[in-house]
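Chain by chain, the residues:
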Amino acid sequence: QQQVKQSPQSLIVQKGGISIINCAYENTAFDYFPWYQQFPGKGPALLIAIRPDVSEKKEGRFTISFNKSAKQFSLHIMDSQPGDSATYFCAAKLGQGGKLIFGQGTELSVKP
Amino acid sequence: GAVVSQHPSWVICKSGTSVKIECRSLDFQATTMFWYRQFPKQSLMLMATSNEGSKATYEQGVEKDKFLINHASLTLSTLTVTSAHPEDSSFYICSARGLLEGSYEQYFGPGTRLTVT
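Heads up: the sequence lines are chains V and S, in that order.
According to my numbering, the first sequence is numbered sequentially starting from 1.
According to my numbering, the second sequence is numbered sequentially starting from 1001.
Since no wrong hints were added, every one of them can be taken at face value.
BS3-like cross-link-like pairs, simulated, lysine-lysine; straight-line CA separation at most 27 angstroms:
hint, chain 1, residue 1, chain 2, residue 2
1, V, Lys42, S, Lys1041
2, V, Lys99, S, Lys1064
3, V, Lys93, S, Lys1055
4, V, Lys99, S, Lys1041
5, S, Lys1041, V, Lys15
6, S, Lys1066, V, Lys99
Hints listed in this document are in silico derivations from the structure and should not be mistaken for laboratory results.
Starting from the given sequences, assemble the full structure and let the hints guide the process.
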């Protein structure tokens, strides 16, 4: 019930295309859903986050779509660039003091 | 923005020795710090959570006598891997959570690559 399932495991997209990564969760009490970007040999960096009271949040080329009834959320990267090539992790958290539950990660490769 | 640093960025040690990794929140006070372990091409695995001045809470399956965590101040936490073995070789990442601009956010350090020979 505490799991967050992420797909796909890996993704190859052409430059300029749209990258879409999906996550699903079980615990309806989760109230914070962030996405992290991690480059090889580096720590994860917060990319964008959403709370369940909104269905979409956009920051630049990155958009989170949130479907509360389906218990799913996704990251869309518009106009994908080679510099976006990294591993992306979705996560979920319960409450202000809760710990982050991470998805399995998606390795994105954007081909020039 | 909030910055979390780790030192060292990489370390090689011999089997049986101990190694200490430092985690610092540079521009905010971290009421809670987390330590994660990450194997190649895998997700982050939470090892323990520590609040300043309190004993760390370890996740199930993590040996507290092997991975010693100290959170002595609001800006510093340390992880000591005692009697290290090759299977302890991994990427260790700390994370700090504090009140920033009215909300609690969690920021990650750059990680420490530990190789035990």
